[in-house]
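Novice: The task is simple: from the sequences and hints, build the whole structure.
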Amino acid sequence: MKGTYLGEFEELVMLVVGVLHPKAYGVAIKKQILSQTKRKVTLSAVHAVLHRLENKGYLTSEFGEATAERGGKRKKYFTITMAGSKALSMAMETRKDLWSQIPNVALHRS
Amino acid sequence: MSTLVYELHWPIQLIPYVKNSNQHIEPTYSTRRLGVILKWWYPAALLEELEGDLNEEYRENLKSSKFKAEWLYAKDSIAAVLRHWLWSFTNYLKQSIMISNYVKTSFRVMLRHKFYSVLNIVGLALGLSCCLLIFLFVNHETSYDKFHQKAEKLYRLNLGSIERGYGSYAKSSGAMAQVLLDNYPEIESAVRLRHFPSLVANGDTRFYEDKFFFVDSTMMTAFSWEVVAGNGPEALTQPNTLVITEEVAQKYFPNEPALGKQLSIDNVMNFEITAIVKSPPRNSHLDFDILASTMSIPTHHSEPLRTYQSHSWYAVYFYTYLLLKPGIDLENLELKLLDAPRLYSDPEQYELYGRRQGLYLQPLLDIHLDPVSAEITPQGNMTYVWIFSVIAVLILVVGCVNYLNLVTARASTRLKEIGLRKAIGASRANLKYQFAWESIIIGSLALVLAWVIVLLGLPLFNAITGKQFYFEDLLTLEFILASMGVVTLTTMIGGLYPAFYLAKFQAATAIKGDSAATGKAWIRKSVVVMQFSISVILIAATFLIHRQTSFMLSKDLGLNTDKVIVIPTRGVAELNNTYLSTLKHQLDVLPTVQSSAIGELSPGELGGGIIARFEGMAENRNFKTIIIGTDYLDTYGIELIAGRDFSEEIVEDTLENVIINETLANLMGWTPEEALGKKYDFGDDGINPGQVIGVTKDFHFRTLHTEIVPTVFSGNHRFLQKIAIKVKGDNLPEALVDIEEVWKGQLPQYPFEYYFADESLTQLYFNEKNFGRIFLTFSTLAISVALLGLIGLTAFFVEKRLKEFGIRKVLGATDSHLFVAFSRNVVQLLAVALVISSPLVIILGNRWLETFSYRISMSADIILLAAIISGLGCFVILIWQATRIIFSNPADVLRND
Chain V
1 MKGTYLGEFE
11 ELVMLVVGVL
21 HPKAYGVAIK
31 KQILSQTKRK
41 VTLSAVHAVL
51 HRLENKGYLT
61 SEFGEATAER
71 GGKRKKYFTI
81 TMAGSKALSM
91 AMETRKDLWS
101 QIPNVALHRS
Chain H
1001 MSTLVYELHW
1011 PIQLIPYVKN
1021 SNQHIEPTYS
1031 TRRLGVILKW
1041 WYPAALLEEL
1051 EGDLNEEYRE
1061 NLKSSKFKAE
1071 WLYAKDSIAA
1081 VLRHWLWSFT
1091 NYLKQSIMIS
1101 NYVKTSFRVM
1111 LRHKFYSVLN
1121 IVGLALGLSC
1131 CLLIFLFVNH
1141 ETSYDKFHQK
1151 AEKLYRLNLG
1161 SIERGYGSYA
1171 KSSGAMAQVL
1181 LDNYPEIESA
1191 VRLRHFPSLV
1201 ANGDTRFYED
1211 KFFFVDSTMM
1221 TAFSWEVVAG
1231 NGPEALTQPN
1241 TLVITEEVAQ
1251 KYFPNEPALG
1261 KQLSIDNVMN
1271 FEITAIVKSP
1281 PRNSHLDFDI
1291 LASTMSIPTH
1301 HSEPLRTYQS
1311 HSWYAVYFYT
1321 YLLLKPGIDL
1331 ENLELKLLDA
1341 PRLYSDPEQY
1351 ELYGRRQGLY
1361 LQPLLDIHLD
1371 PVSAEITPQG
1381 NMTYVWIFSV
1391 IAVLILVVGC
1401 VNYLNLVTAR
1411 ASTRLKEIGL
1421 RKAIGASRAN
1431 LKYQFAWESI
1441 IIGSLALVLA
1451 WVIVLLGLPL
1461 FNAITGKQFY
1471 FEDLLTLEFI
1481 LASMGVVTLT
1491 TMIGGLYPAF
1501 YLAKFQAATA
1511 IKGDSAATGK
1521 AWIRKSVVVM
1531 QFSISVILIA
1541 ATFLIHRQTS
1551 FMLSKDLGLN
1561 TDKVIVIPTR
1571 GVAELNNTYL
1581 STLKHQLDVL
1591 PTVQSSAIGE
1601 LSPGELGGGI
1611 IARFEGMAEN
1621 RNFKTIIIGT
1631 DYLDTYGIEL
1641 IAGRDFSEEI
1651 VEDTLENVII
1661 NETLANLMGW
1671 TPEEALGKKY
1681 DFGDDGINPG
1691 QVIGVTKDFH
1701 FRTLHTEIVP
1711 TVFSGNHRFL
1721 QKIAIKVKGD
1731 NLPEALVDIE
1741 EVWKGQLPQY
1751 PFEYYFADES
1761 LTQLYFNEKN
1771 FGRIFLTFST
1781 LAISVALLGL
1791 IGLTAFFVEK
1801 RLKEFGIRKV
1811 LGATDSHLFV
1821 AFSRNVVQLL
1831 AVALVISSPL
1841 VIILGNRWLE
1851 TFSYRISMSA
1861 DIILLAAIIS
1871 GLGCFVILIW
1881 QATRIIFSNP
1891 ADVLRND
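Protein chains in written order, with our numbering: chain V, 1 to 110; chain H, 1001 to 1897.
It cannot be assumed that every hint is accurate.
[Unchecked claim] Below are the PhoX-like pairs computed for lysine-lysine, each with C-alpha atoms no more than 25 Å apart in a straight line:
#, chain 1, residue 1, chain 2, residue 2
1, V, K31, H, K1066
2, V, K56, H, K1422
3, H, K1422, V, K31
4, V, K40, H, K1422
5, H, K1066, V, K40
6, V, K31, H, K1075
7, H, K1063, V, K23
8, V, K38, H, K1063
9, V, K23, H, K1422
10, H, K1063, V, K96
11, H, K1063, V, K40
[Said to hold, decoys possible] Chain H is nowhere near these chain V residues, computed Cβ spacing over 12 Å in every case:
#, residue
12, E10
13, L15
14, H47
15, K86
16, M92
17, T94
18, W99
19, N104
Since the hints were made in silico from the structure, they are not lab data. Each residue gets a CB set at the ideal place from its N, CA and C atoms; glycine is no exception.
Specialist: Next up, the structure:
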């Protein structure tokens, strides 16, 4: 269905949010992406995706504690919603399904 | 127990709040700077998270290098702002994709309710087209003479009496211009015009040119006429030179260059064409075909023109225009001009004629809409411009109000749609857009239709107004902007109100179709009352104008212009003398001619006055004087109640003997019989005093705007201008053939030209007739628009009350009961409208009637008639709509519940 579809980066961010649960916030997500996938992303890109996913209802957020290094500003922790987890698993199902249908020959595997 | 402190946040959520007094971070250069940018350009709700994350990263990056930390902070924060705005913009674009949806839905709604849509569009289009036509008219009327580059500095010299304090006469004397130019340094140059219709010929091509003027050479420099050939400023500096328009050039010299050619004037002079100009534009108050140089006057064959008409301060024959220098004290100049007659005219004549003479300046730009007497061509009327502007606004208001009324009234049928839209997630903004788009589309369609109506109605409009508007006038930027402006205004008023009004309903109320939510009834009622009132006023006004005009046209004038043929001689001595010596006798014996006479004026024309004294008067005064020959009174059916007509045999009759009218006799306190033989002295010179030889019954020589004034008929043959021939029997064509034959026999070198006296008299009521016709047209349109609105409204009420009437029927209501129940409201509203409009009609009607000396009285039946007509209109609509109720089957109507 149109709308439940997840972009590649959206999926990645959602997965990382899951990995960091329940302490997923902007900087942590960015670091995690860097360490796990060696991709350098900008903070604003991460924020934009987080807010978009939140608008779609796949993520939810709440303010956490403030720390000294944040200049007294609170962190915003993101968690996956029910709809989000559905969308994630649907994406995985689709991939699995598609993978299973590809004949080995096509992937040059013997 | 928890030690956490809870703080209230919006949206309400409980968030653990941790004190962090000592965790403050030293802001660096970039953070301080960019903090401001972020605060202003980033949504506040997301700001804390972003700032926090940025700070955290900054701290971490500080470990590698300060520069890197600063750079990344700056880059990331700017990137965040840009990203946010890009996102907002794409969102907006996604929103605007909705436009196509709005348009599509609007068309669907319109198609579903074809009846109302057509009503709306036609009503608006009619209103708009009226407005546009009136705009054309008003725009044209107010554009007069603006094309002259020096228009702001040009003034016309008007004469008036000092007691009245303003210039009431457009002409001045030929002697004034030079004297004023010599003595008042404020005046840069002066232009004199002498209207002098002449016989113009090139070989056998021979015409009387009515728009023939003698003008000073400054005519070509002070005004901005478009010269197409020749040297404009030099053109009229020599005697016997002419400037002609392209049309005239084409008439006398078809397909050959006219410049430098000669034209014969009055068969005795030859003038050279030194320049050719375009005809004066439509919005010029001066209209001419041929301009001849005033330098030619000293050798002109007409003796009066050569002598006193051009040189006497008190002979008023010229139009004088003055070009003033920039930056002068106008008020001071006007004051000084009042002294001019005393300072510069002959002292003896000043004592005799000049004591009350005042010289006044009228700005060129004011002439068209504020004309005085003796204008060259009929000019406009500011009152009419105002009245039509008001009508335009009224019609537009009626149109807008219709639209508004229909939309809000029908809101209930659309409430379900609104509710459903809300329920499936349409925001209030969406709904507003939806309604706004509907009104924009209806407005645009109405505009297109209005343009078509204007285009098709243009010839009719030209016929009504007597103006010349062309298709090109519709393509001017002004016109297009005006129509756009009007339609925008209309849709704003008519469309945006419902948009806001309807969008604010709660989804639940809306879906229920709660009729209480469909707007206040009193607004709708007062709107209907307003429309009725406007209609009644317009209908009553139309009747009033029509009655007054026909009253004026049918009133017994005391003279009879019926079947009188007029042949102008224009004062040409050869014609006058031929008539007096031979022509008259030949004409009078024709079997088709009753009588003929020569005179100065034909009825309707504005003559001059002569300063004279009757026996028993202490002082000279100005009497309206008409110069006539024998049989003039007979020919025009003016009745003598005492004495006799002039006779060619009696020498005194052609000198200073006079015939007076009853009003003059009354003024002097004489009975008609007493008046006979009383002494009359013209010019106070005591030479050849004449006497009163006859008294006529009173007659209206001019229009009924003016009262009958004391009038003198003089038999002195100085200003004979027109031959009048009364036809015997009904065979006008035969009479014309006879008369022409006689004319050709005597005067083959002059074209036979004539007009009918009654037609030229009727011409004087042109303004009233015109006004009446325009009023009739626009009031008809206004009423149609109002009735269209009523149709829409009643049709809607029928739909709404169909069930109610079904139940009434089932319970045994008869057809007439139903009709009364249905129409009661409308009749009440009509009654209220009558109460409101009647006093207005009476006040405004009396105001207008006061401009006529002879007028009908304002009577109640005019209002009654207007009421009956508008009532009849409503009645027809009510019956039409009521039949829908009466013929409906209660079973069908009530089945659904």
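Novice: Please go over all the hints and tell whether each is borne out by the structure.
Specialist: Against the structure, the hints:
1. Taking the CA atoms of K31 (chain V) and K1066 (chain H), the gap is about 20 Å. The hint holds against a cut of 25 Å.
2. For the proposed pair K56 (chain V) and K1422 (chain H), the alpha carbon gap of about 20 Å is at most 25 Å, so the pair holds.
3. Between K1422 (chain H) and K31 (chain V) the CA atoms are separated by roughly 43 Å; this puts the pair beyond 25 Å, and the hint is violated.
4. At roughly 44 Å between alpha-carbon atoms, K40 (chain V) and K1422 (chain H) are farther apart than 25 Å, so this suggested pair is violated.
5. Straight-line distance between C-alpha atoms of K1066 (chain H) and K40 (chain V) comes to about 20 Å, which keeps the hinted pair within the 25 Å bound.
6. A threshold of 25 Å between alpha carbons decides the hint, and for K31 (chain V) with K1075 (chain H) the separation of about 18 Å falls inside it, so the pair holds.
7. For the hint linking K1063 (chain H) to K23 (chain V), the alpha-carbon distance of about 24 Å falls within 25 Å, and the restraint holds.
8. For the proposed pair K38 (chain V) and K1063 (chain H), the alpha carbon gap of about 21 Å is at most 25 Å, so the pair holds.
9. This hinted pair does not check out: K23 (chain V) and K1422 (chain H) have alpha carbons roughly 38 Å apart, beyond 25 Å.
10. Taken as a hint, the K1063 (chain H) and K96 (chain V) pair is broken in the structure, with Cα atoms around 43 Å apart against an allowance of 25 Å.
11. For a cut-off of 25 Å, the pair hint linking K1063 (chain H) to K40 (chain V) stands: about 19 Å separates their Cα positions.
12. Listed as a non-interface residue, E10 (chain V) keeps its Cβ farther than 12 Å from every Cβ of chain H; the least gap is roughly 14 Å.
13. Distance check for L15 (chain V) against chain H: the nearest CB is about 20 Å away, which clears 12 Å, and the non-interface claim stands.
14. For H47 (chain V), the requirement that its beta carbon stay farther than 12 Å from each beta carbon of chain H is not met, with the minimum near 6 Å.
15. Taking the minimum C-beta to C-beta distance to chain H, about 21 Å, the non-interface status of K86 (chain V) holds against the 12 Å cut.
16. Listed as a non-interface residue, M92 (chain V) keeps its Cβ farther than 12 Å from every Cβ of chain H; the least gap is roughly 28 Å.
17. Non-interface call for T94 (chain V) relative to chain H: holds, since the shortest CB-CB distance, roughly 26 Å, exceeds 12 Å.
18. Against chain H, the non-interface label of W99 (chain V) holds: every CB pair exceeds 12 Å, the least being about 33 Å.
19. For N104 (chain V), the condition that its CB be more than 12 Å from all CB atoms of chain H holds, with the nearest at approximately 42 Å.
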